[in-house]
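Colleague: Going down the list, the protein sequences come from chains A and B.
Start counting the first sequence at 1; every next residue gets the next number (this note's numbering).
Start counting the second sequence at 1; every next residue gets the next number (this note's numbering).
If you are wondering where the hints come from, they were derived from the structure by calculation, not from laboratory data.
The model shown is predicted, which means the values in this text are computed figures rather than measured ones.
Worth double-checking, as some hints may not be accurate.
[Unchecked claim] Only part of the chain B face toward chain A is listed, based on derived beta-carbon distances under 10 Å:
(1) 209
(2) 350
(3) 354
(4) 412
(5) 414
[Unchecked claim] The list that follows gives simulated cross-link-like pairs (lysine to any residue, SDA-like), each with its CA atoms no further than 20 Å apart:
(6) 124(B) <-> 619(A)
(7) 413(B) <-> 90(A)
(8) 217(A) <-> 182(B)
(9) 559(A) <-> 4(B)
(10) 294(A) <-> 417(B)
(11) 571(A) <-> 139(B)
(12) 626(A) <-> 119(B)
(13) 91(A) <-> 4(B)
(14) 287(A) <-> 452(B)
(15) 363(B) <-> 452(B)
(16) 287(A) <-> 363(B)
(17) 418(B) <-> 217(A)
(18) 91(A) <-> 140(B)
(19) 424(A) <-> 450(B)
(20) 567(A) <-> 4(B)
(21) 583(A) <-> 119(B)
(22) 626(A) <-> 452(B)
(23) 583(A) <-> 139(B)
(24) 91(A) <-> 122(B)
(25) 140(B) <-> 619(A)
(26) 560(A) <-> 4(B)
(27) 559(A) <-> 3(B)
(28) 91(A) <-> 239(B)
(29) 140(B) <-> 587(A)
(30) 418(B) <-> 548(A)
(31) 560(A) <-> 3(B)
Glycine included, each C-beta is placed from N, C-alpha and C at the ideal position.
These are the residues of each chain, in order.
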Amino acid sequence: MINSTFSEKYDVVVVGAGHAGCEAALACARLGLETIVFTVSVNSIALMPCNPNIGGSSKGHLVREVDALGGEMGKNIDKTYIQSKMLNVSKGPAVHSLRAQADKSEYSRSMRQVLENQEHLTIKQAEVCELIVEEGIIKGVRIYTGGTYYAKAVVLCTGTYLRARCLCGEAITYTGPNGLMAANLLTQSLIDNGIEMQRFKTGTPARIDKRTIDFSKMEEQKGDDKVIPFSFSTDPDSLTKEQVSCYLTYTNEETHKIIRDNLDRSPIYAGIIEGTGPRYCPSIEDKVVRFSDKNRHQLFVEPEGLSTNEMYISGMSSSMPEDVQIQMYRTVPGLENCKIVRNAYAIEYDCINPIQLKHSLEFKKIKGLFAGGQFNGSSGYEEAAAQGLVAGINAAMYCLNKDYLIIDRSEGYIGVLIDDLVTKENHEPYRMMTSRAEYRLLLRQDNADLRLRKKGYDVGLITEEQYQQLLNKQSLINEEIERLKTTYVGSNSKVQSFMKKMNSSMLKSGSPLSELICRPELDYDLIAPIDENRPDLPNDVKEQVNINIKYEGYIERQKKQVAAFRKLEAKKLPDDIDYSSIKGLRLEAASKLDKYKPVSIGHASRISGVSPADISVLVVYLESRK
Amino acid sequence: MNTDTIAAIATGMTPSGIGIIRVSGEDAFSIASSVFRRKNNKPLTEYEDHKAYFGYIYDNDHVLDEVILLVFKSPYSYTGENIVEIQCHGGILVMNRILELCIDSGARCADPGEFTKRAFLNGKMDLSEAEAVMDVISSKNDLALKNSVKQLNGSLYRKITGIREKILYETAFIESALDDPEHFDLTDYPDRLSEKLIHILRELEILSDSFNDGRLLSEGVKTVILGKPNVGKSSLLNILAGSDRAIVTEIAGTTRDTIEETININGVLLNIVDTAGIRESDDVVEQIGVKKALDYARDADFIIMVVDSSEVLSSEDEDILEFIKKNDKKCVILLNKSDLGSVIGPDEIACYTNNPVITVSAKDETGIEDLKKYIIDVFSKGFIKYNDEIFISNVRQKEALSNAISSLLCVAKSITEKMSEDFYSIDLTAAYDYLGQIIGEQMDDDVVNEIFNRFCIGK
Chain A
1 MINSTFSEKY
11 DVVVVGAGHA
21 GCEAALACAR
31 LGLETIVFTV
41 SVNSIALMPC
51 NPNIGGSSKG
61 HLVREVDALG
71 GEMGKNIDKT
81 YIQSKMLNVS
91 KGPAVHSLRA
101 QADKSEYSRS
111 MRQVLENQEH
121 LTIKQAEVCE
131 LIVEEGIIKG
141 VRIYTGGTYY
151 AKAVVLCTGT
161 YLRARCLCGE
171 AITYTGPNGL
181 MAANLLTQSL
191 IDNGIEMQRF
201 KTGTPARIDK
211 RTIDFSKMEE
221 QKGDDKVIPF
231 SFSTDPDSLT
241 KEQVSCYLTY
251 TNEETHKIIR
261 DNLDRSPIYA
271 GIIEGTGPRY
281 CPSIEDKVVR
291 FSDKNRHQLF
301 VEPEGLSTNE
311 MYISGMSSSM
321 PEDVQIQMYR
331 TVPGLENCKI
341 VRNAYAIEYD
351 CINPIQLKHS
361 LEFKKIKGLF
371 AGGQFNGSSG
381 YEEAAAQGLV
391 AGINAAMYCL
401 NKDYLIIDRS
411 EGYIGVLIDD
421 LVTKENHEPY
431 RMMTSRAEYR
441 LLLRQDNADL
451 RLRKKGYDVG
461 LITEEQYQQL
471 LNKQSLINEE
481 IERLKTTYVG
491 SNSKVQSFMK
501 KMNSSMLKSG
511 SPLSELICRP
521 ELDYDLIAPI
531 DENRPDLPND
541 VKEQVNINIK
551 YEGYIERQKK
561 QVAAFRKLEA
571 KKLPDDIDYS
581 SIKGLRLEAA
591 SKLDKYKPVS
601 IGHASRISGV
611 SPADISVLVV
621 YLESRK
Chain B
1 MNTDTIAAIA
11 TGMTPSGIGI
21 IRVSGEDAFS
31 IASSVFRRKN
41 NKPLTEYEDH
51 KAYFGYIYDN
61 DHVLDEVILL
71 VFKSPYSYTG
81 ENIVEIQCHG
91 GILVMNRILE
101 LCIDSGARCA
111 DPGEFTKRAF
121 LNGKMDLSEA
131 EAVMDVISSK
141 NDLALKNSVK
151 QLNGSLYRKI
161 TGIREKILYE
171 TAFIESALDD
181 PEHFDLTDYP
191 DRLSEKLIHI
201 LRELEILSDS
211 FNDGRLLSEG
221 VKTVILGKPN
231 VGKSSLLNIL
241 AGSDRAIVTE
251 IAGTTRDTIE
261 ETININGVLL
271 NIVDTAGIRE
281 SDDVVEQIGV
291 KKALDYARDA
301 DFIIMVVDSS
311 EVLSSEDEDI
321 LEFIKKNDKK
331 CVILLNKSDL
341 GSVIGPDEIA
351 CYTNNPVITV
361 SAKDETGIED
371 LKKYIIDVFS
381 KGFIKYNDEI
391 FISNVRQKEA
401 LSNAISSLLC
411 VAKSITEKMS
421 EDFYSIDLTA
431 AYDYLGQIIG
441 EQMDDDVVNE
451 IFNRFCIGK
């Protein structure tokens, strides 16, 4: 690092301008704080170095929630999507999830423009190498060229860049994704400040020249005819455009044989890779080894954008040497003559053990230092954006001396994501999954606005007008549900013939409309002919009314569970408790509690190794302190 | 926080004297009303504080026991909540059944130390007693855990584990399909699941019925009968079991060497691991022999060694005696076939071990009363505390089992009502969790791990 006396002062420093960094920087600047965001390359702002899509099962929920809170990801993908699909439509509303293919370079360019035009936001290309911490409080950062940037709060969103190394067989380069510069110095500064680091790995498949692919041997996958926006503020009509297709093909025994024959040349199986990889995004080597009974694996060939010939081969990430890659890709139907533009590779990077963070994403040890994204041991653009937004908002709240934004497990997937990160032992990059959300019937993508807009409004990212719209929507929903529960239809001939036509059993006596909606063969829209005084309502209101009535039994059950959950969350544990001195706590529990310093009884109960009896003991202890 | 009503047996599980079942919480009185009727056969509708009522506990339509019901109204009770205490005649089965009836009427099985905890949280105890309260909770819990899990009979444990694995697999399959819908197709899945559910529910219902018999769980003392072939192990077992012979559970997929029997000797339950030779005396089975039996004996609480007193000690006998000497277990040595004329007596045995020796004849059924007396003496004294904790946890386990069954019935209902697959996994997960409570296992990240282990998902 160069010695320099140059310095500047900001309210917030954001390190990294990926999906987490962008949200963090925008949130702080939009809340009126002077913010500077550092990136190793301005050309890589909001870069999508892996898959060319946003959303997907449970990740789509995250994007919706980010949008409800006032984040940018949803708006940006709405502007730059090239294909869109609502997944799981044949299943219940809780698991419907949006996924859109992005024009990668457009996505990046468009987000960069939003950042560039944002008031109070400065973009700076530089490598941050040192944290300035005084007495446990963050003071700023130093960059490689020597300058010092003082700030009240710092948000670390370094993604996969810290001491990154990319592996393609025997070829190892010390770079970040896409050959971008790695950040090699910050890790040491973090360690010097008492932060525990770990090393994770992930990987990406090859990109293939479209002109060398025979699509006739693959199955075309089109987008939905009716495209639904990610953002609650995007006008659905503005989304109409011609969509591009993806293509489905498969590996085969020949592919697998090549992989098996060359396993000794894979850096993972040769033991060269030290980082822990994610189980949900296995390399093709892993798939072939771990699921040896499968004679084929599904591959999706997805466009990287409109202005490029590169196609992303989803399902076939690898760290095999180049010559093996060429061989194995060419066994796949349609790829027989393919040319690889960019090789598949694995990437290793430093990240933190996220149990060092509070739910606000502030470090327990260092006041004013926040973190988001892959740096926290997660994976995925959406997971990154969600954390970046929360970390950014809370950095702002810290500067403004206001209450932190905490989303709990019953309020959003973001809450589940953050609680899991700060509470569980994570041994691999963490990915959001719908099975992780225990209250998922309540945490639907369709009601993210109803769940979280108020929080966005409270922190100041949602305008008064947007908030009033939400309140209006909520009251329309409530009124309509009330009307349907109290409007009875008699068993007259018009109703009976309607029931007959719908293959639904006849009414024996008068019935509220809401009960008819509950029947599996009927719904809110379908019963319109026998609902004579129905008001004219917007589609999103109708959707909420239908879901809330149709699934009322299940929803009420989860609401009860949530009530019980909240009671335990509300029992706060002071952070000065000396757990080892509490008689009756088992040794294992005491040491775990001491390590995690949970914020509430509920939080403590989710730490592995803490039993229900330990919780009872804690409750009694807490009472005795009063 | 404590809105639910809890119940537990408040006295020890001695088979004599008076037993007390305590019910505490908002619904204590209404729960009492549904199980108790006064002497004049009228249900109790008005509860007067600190009053005793004489009447009967009804199990469906028949009288289960004559009891006294004591009423304590909130806040003037031990826990500060509404409490009823049912004082009954104290037989183990009766107390257990009354507790079950209370649970069927809406009470929940109290956690270890929960009455004390509630008393404390409701301000009925001095703050300075907090530490003592925490001690009670943790020590009672330790004991309950140790007993419920360790004493769980092996076949039940394996059964529950097996069923849990099946449920987990289905849950993970559904969740994989939700997470990666383009990879996993759920067409026809509801029908397939429906069929599997029928089997799982049948298995659970059989288990539940055995719980009702009070025989499947090892309330008893884990016992192994050791002895070389043809010493009369099975005849002795048959005499001990008598007409009270318990059901025998054979475990699918295992060989005949893991048969367990529960027998009741004047209220002391012995859970006997039958080491094959015991039940069938044909040569093939006997071949499993002493070595295997010793493996079981290592986990046992009580060993009955049978020696043929009409022959000199063989090397097999000596091996067993050496084992007993090395392992500090409660043990009795039976000198059988006294009717054939003894060549060895207690003195020969005393060279190896100090454990008591009883001379018996399975053929003439002599000495059996001495053996029974010995068993009752040993196990209804020293083991009393241990027994009552086990009983309490059994009722809790039964409660968990019936919750698991209801959850699976919800899945079946969702299928019939043509709900989509994501609703199934909510109740499947609940059933998995309830079954885990029976064997003392928590859920943690089981579903996520199963997804990754079984299904190849991801980009």
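Colleague: Against each hint, give a clear statement of whether it holds in the structure.
Modeller: Hint check results:
{"no.": "1", "hint": "209", "in the structure": "28 Å, violated"}
{"no.": "2", "hint": "350", "in the structure": "43 Å, violated"}
{"no.": "3", "hint": "354", "in the structure": "37 Å, violated"}
{"no.": "4", "hint": "412", "in the structure": "15 Å, violated"}
{"no.": "5", "hint": "414", "in the structure": "9 Å, holds"}
{"no.": "6", "hint": "124(B) <-> 619(A)", "in the structure": "15 Å, holds"}
{"no.": "7", "hint": "413(B) <-> 90(A)", "in the structure": "19 Å, holds"}
{"no.": "8", "hint": "217(A) <-> 182(B)", "in the structure": "19 Å, holds"}
{"no.": "9", "hint": "559(A) <-> 4(B)", "in the structure": "17 Å, holds"}
{"no.": "10", "hint": "294(A) <-> 417(B)", "in the structure": "34 Å, violated"}
{"no.": "11", "hint": "571(A) <-> 139(B)", "in the structure": "24 Å, violated"}
{"no.": "12", "hint": "626(A) <-> 119(B)", "in the structure": "16 Å, holds"}
{"no.": "13", "hint": "91(A) <-> 4(B)", "in the structure": "35 Å, violated"}
{"no.": "14", "hint": "287(A) <-> 452(B)", "in the structure": "11 Å, holds"}
{"no.": "15", "hint": "363(B) <-> 452(B)", "in the structure": "60 Å, violated"}
{"no.": "16", "hint": "287(A) <-> 363(B)", "in the structure": "65 Å, violated"}
{"no.": "17", "hint": "418(B) <-> 217(A)", "in the structure": "37 Å, violated"}
{"no.": "18", "hint": "91(A) <-> 140(B)", "in the structure": "46 Å, violated"}
{"no.": "19", "hint": "424(A) <-> 450(B)", "in the structure": "17 Å, holds"}
{"no.": "20", "hint": "567(A) <-> 4(B)", "in the structure": "14 Å, holds"}
{"no.": "21", "hint": "583(A) <-> 119(B)", "in the structure": "19 Å, holds"}
{"no.": "22", "hint": "626(A) <-> 452(B)", "in the structure": "45 Å, violated"}
{"no.": "23", "hint": "583(A) <-> 139(B)", "in the structure": "11 Å, holds"}
{"no.": "24", "hint": "91(A) <-> 122(B)", "in the structure": "46 Å, violated"}
{"no.": "25", "hint": "140(B) <-> 619(A)", "in the structure": "16 Å, holds"}
{"no.": "26", "hint": "560(A) <-> 4(B)", "in the structure": "13 Å, holds"}
{"no.": "27", "hint": "559(A) <-> 3(B)", "in the structure": "16 Å, holds"}
{"no.": "28", "hint": "91(A) <-> 239(B)", "in the structure": "60 Å, violated"}
{"no.": "29", "hint": "140(B) <-> 587(A)", "in the structure": "16 Å, holds"}
{"no.": "30", "hint": "418(B) <-> 548(A)", "in the structure": "17 Å, holds"}
{"no.": "31", "hint": "560(A) <-> 3(B)", "in the structure": "13 Å, holds"}
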